[in-house]
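There are 2 protein chains.
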Amino acid sequence: MTAAQRRWRLELSYDGTGFHGFAPQPGTRTVAGELAASLATVLRLAAPPPLVCAGRTDAGVHALGQVVHVDLPSPMFAEGDDPERLARACKRLCGPSIVVTSCTAAPEGFDARHSATWRAYRYLVHDGPAPSPLLTGLAWHVGGSLDVPAMAQAAYGALGEHDFRAFCRRPSGSDPGDPITRRVTAADVAVVEDPATVAGRGRLVRVDLTATAFCHQMVRSLTAVLVAIGRHELTGADLVERLRTGDRAGLPAPAPPQGLCLVAVGYG
Amino acid sequence: MTAAQRRWRLELSYDGTGFHGFAPQPGTRTVAGELAASLATVLRLAAPPPLVCAGRTDAGVHALGQVVHVDLPSPMFAEGDDPERLARACKRLCGPSIVVTSCTAAPEGFDARHSATWRAYRYLVHDGPAPSPLLTGLAWHVGGSLDVPAMAQAAYGALGEHDFRAFCRRPSGSDPGDPITRRVTAADVAVVEDPATVAGRGRLVRVDLTATAFCHQMVRSLTAVLVAIGRHELTGADLVERLRTGDRAGLPAPAPPQGLCLVAVGYG
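Line order of the protein sequences matches chains A and B. Residue numbers 1 to 268, in this note's numbering, belong to the letters of the first sequence in order. Residue numbers 1 to 268, in this note's numbering, belong to the letters of the second sequence in order.
In case anyone wonders, no lab produced these hints; they're calculated from the structure. Remember, it's a predicted structure, so these values are computed and weren't measured experimentally. Wrong hints could be hidden among the right ones.
[Said to hold, decoys possible] Covered stretches of chain A (in silico footprint by chain B; criterion: 3 or more residues with CB under 8 angstroms from a CB of chain B, positions within the stretch not fixed):
hint, segment
1, 6-15
2, 92-103
3, 127-138
4, 144-153
5, 200-209
For each residue, glycine too, the CB sits at the ideal point set by N, CA and C.
Isolated chain A (complex conformation):
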């Protein structure tokens, strides 16, 4: 950060449906790419500014409380710094898929990624007899009727500090034997009692996971195992066993991206 720059903290919501994830990738539509281009347009910057987010989301994954920091020239406008004007302009430029819900001066030493102390994700599963067209981009439709109490009980098995190697996409270059340790602080599965009718017939089941940090595809991998438990194809003991051994073999593929949403990030 140069002397003429100031760090801002942005909160944003987005519908991940039309994006190839958060992180910028040349030639594809990404959340960071679109937001950074909007910032560059509004502030007449020579290049899109780098954005750092609290939790990278994959293609099709949504966010309601993503936190981002960005270093911008100060004053940002000829008239001075005006974060509300910036947020309004971004909203206009990004369209309805990305909404900047707040823009405030970042506290001293703030880093959207490294200062974050927890992340909360929600995964929505629809267990109706037929898919609901109103949930196409928001939930994973699974046939049949899930045993939600069994899923809720099994989810407790993920609480605490574990090696989540069996439930992650292994980072490139890492050794398959390396543990991937994370601390899960909340794990809750329940039926959404009043889902505003969008589910049609069947139930909407929410899988809520909070952790100090997550590894890649961890929520989707855990959700796929919880759904298999809800179908009585696996048991809670299987989940605990895989946390112990780190063995991924035979586990179901991660749940699809559209059911996942980063709902909140905590600091301090």
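Model the placement of chain B on the given structure of chain A, informed by the hints.
The following block gives chain B in isolation, referenced to the frame of chain A:
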């Protein structure tokens, strides 16, 4: 219906976002147009069969329990009548935006429109400080915080048989003085207590109206007035007065289509 035909009762759900409404219109994408074309393809018909629905929906309006009847050659396949195979094939051809949730032989004398004795619509209003990108196609975002108890109380004023002329788009060719009488049997406004997080900050408010029949844009017009009441721009007495006089002047424009969903139709 010719001797070689049989009448079927279809139930369908659809996301109205990408459609110019239910009714077929040459050169535009409509729900009936897409479904009839799929039926023609599956059954190798010379032309798309006419569909009759319980409640016509406008562009952008959704349905979770639309009922349709259609007369099809019998047997429909060389192997005989197979409504489940038909529903599966329609699902495959129509894609995720239209889902045929059931297909059964229609009872003697059944007419999806004329046999229906009630229709239930739900309108979703989001009163958060910022719009939620996950609700873009599902709710009407209104700023500020709505007085939901005032809306709920005012909605009772619509219960019973009234001249809804002030709350309808007048049928072409009709006289402005002609009453448009309908019977509302349920009118309920409430906060959705557990909306599966899709709302982000703010609340999701549901407006539920059931009537023996509705006139054009009646739910959207009533909802716009109820929202104005929730903002203290109008009162419940204004609503009652307009039901008495039929005067539309100065009332707000109908609420936008994306918040509306036909949720159920009753027979017998």
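At least three residues with a C-beta closer than 8 angstroms to a C-beta of chain B: is that true for the segment 200-209 of chain A? holds (count 4)
Three or more residues of the segment 6-15 of chain A near chain B by CB distance under 8 angstroms? holds (count 3)
Is the coverage entry for the segment 144-153 of chain A by chain B consistent with the three-residue Cβ rule at 8 angstroms? Since three or more residues must qualify, the claim that chain B covers the segment 144-153 of chain A is violated, with 0 doing so at under 8 angstroms.
Mind taking a look at whether chain B covers the segment 92-103 of chain A? Criterion is 3 or more residues with CB to CB distance under 8 angstroms. Satisfied; 5 residues make the cut.
Proximity test - 8 angstroms, beta-carbon atoms, the segment 127-138 of chain A to chain B, at least three hits: As far as the segment 127-138 of chain A goes, the hint holds, because 8 residues have Cβ atoms under 8 angstroms from chain B.
Violated hints amount to a single one, hint 4; each of the other numbered hints is respected by the structure.
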